[in-house]
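Chains A and B are the protein sequences, given in the same order.
Under my numbering, residues 1 to 238 are what the first sequence spells out, in order.
Under my numbering, residues 239 to 314 are what the second sequence spells out, in order.
Simulated from the structure, these hints should not be mistaken for lab results.
Incorrect hints may appear among the rest.
[Stated by the list, open to error] Label pairs and their in silico Cβ distance ranges:
1. B/Asp241 <-> A/Lys236: 28 to 36 Å
2. A/Asn201 <-> B/Gln271: 27 to 35 Å
3. A/Glu13 <-> B/Gly277: 22 to 30 Å
4. A/Asp214 <-> B/Ser304: 47 to 55 Å
5. B/Val313 <-> A/Tyr157: 26 to 34 Å
6. B/Ile245 <-> A/Asp158: 30 to 38 Å
7. A/Arg48 <-> B/Asp241: 27 to 35 Å
[To be verified] Which bits of chain B does chain A cover? Going by a derived footprint, with three or more residues having C-beta under 8 Å, they are:
8. 243-254
9. 275-287
10. 291-301
[As the list claims (entries may be wrong)] Listed below are the simulated DSS-like cross-link pairs for lysine-lysine, each with C-alpha atoms no more than 27 Å apart in a straight line:
11. B/Lys298 <-> A/Lys110
12. A/Lys159 <-> B/Lys307
13. A/Lys189 <-> A/Lys174
Keep in mind it's a predicted model, so treat the numbers as computed, not measured.
We treat Cβ as the ideally placed atom computed from N, Cα and C, and that holds for glycine.
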Amino acid sequence: MTWIEASGKTLEEAKQAAATELGVAVDRICAEILDEDKGFLGFGHLVRIRATVMDDEQNGIEEPSDSADMDEFEASIDVNVDSEAESVGAEAMLVLSRVLEAMKFEAEPKLVSETPEEIQIEIHGSSEDIGRLIGRHGQTLDALQYLVAIAANRGRYDKIRVVLDAEGYRERHKQIIEAKARELARQVKEAGQEAVLEPQNPRDRRIVHMALVDDPDVITYSEGEGDERHVVISPKKQ
Amino acid sequence: MKDLIEILVKALVDEQDQVEILEINRDNTLTYQVQVAPGDLGKVIGKDGKIANALRTVAKAAAMKSGKKIYVDIVS
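Could you put together the complete structure from these sequences and hints?
Structure (structure tokens):
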């Protein structure tokens, strides 16, 4: 596998440069950021990466993209894969219990459901370790979920989604986001002005869109790229 | 901590016997240098380093318990 170094003013530009040099389409580039020079007053910003060509299967599992915010989220359902769901579920449970043990966390995974579309695992344990496991804004739980999903689906063409939860965190988190979305929508109607939310991951943005989809007085949309992507709640023009 | 990195990395790659993890324990900092088969590099780094970053996030959560700093480097 050949690795090259490339640079550009943005990550996209650096990847494009790498793609040109390696003679492939940019979406086949696997890149790791080496360093990022923020420059001065916006000048001289430079991102340096090392890059290689990725096989299709090395793409891993993507978070649902934003175009999937509303509709494509429900993945296509394959029939006759119950036994496959079982084997992915068993593999996910095995990796997860070994990981939790190695982390020395007082926490036990429990398989909640396995369908051809989705494996759900709930983790129970001491409140201190569950707090560590969830992490800031759920980022540790998300990272673990991402890794377990890749590991459990390794070598498979049709990936099955794996969802990890810890002591009901995801439902509580969802309710908090929904309540905040509705409160902001109320303010938007009152003031007649747009509200711009903090950047969120695709799953959280989808919760906002869904919470307000039936509200006749506002519309929601996402803007910004990558880690900056966020929802805007806007008054609907009469 | 080394066993955690090893479990995670081996769960991601195809050539598990090619996984080598070097632990450097200096002061309050643990550094892990992870080496995998060349064909498996993309599987531990991921698009835009996403998999490598997820590994680091999980390792950090585990290290928090022992109060140590932790770094995970993928070497090629």
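Checked hints:
1. B/Asp241 <-> A/Lys236: 28 to 36 Å: 55 Å Cβ-Cβ, so the 28 to 36 Å window is violated.
2. A/Asn201 <-> B/Gln271: 27 to 35 Å: Roughly 30 Å apart at Cβ, these two residues keep to the hinted range, so it holds.
3. A/Glu13 <-> B/Gly277: 22 to 30 Å: Check passed, 28 Å falls within 22 to 30 Å.
4. A/Asp214 <-> B/Ser304: 47 to 55 Å: For A/Asp214 and B/Ser304 the Cβ distance comes to about 48 Å; the hint holds.
5. B/Val313 <-> A/Tyr157: 26 to 34 Å: 31 Å, holds
6. B/Ile245 <-> A/Asp158: 30 to 38 Å: Given range 30 to 38 Å: violated, Cβ gap about 25 Å.
7. A/Arg48 <-> B/Asp241: 27 to 35 Å: 33 Å, holds
8. 243-254: Held - the region 243-254 of chain B has 5 residues with a Cβ nearer than 8 Å to chain A, which meets the minimum of three.
9. 275-287: holds (count 10)
10. 291-301: Three-residue rule met by the region 291-301 of chain B, so holds; n is 8.
11. B/Lys298 <-> A/Lys110: Within the cut-off at roughly 24 Å; holds.
12. A/Lys159 <-> B/Lys307: 34 Å, violated
13. A/Lys189 <-> A/Lys174: 23 Å, holds
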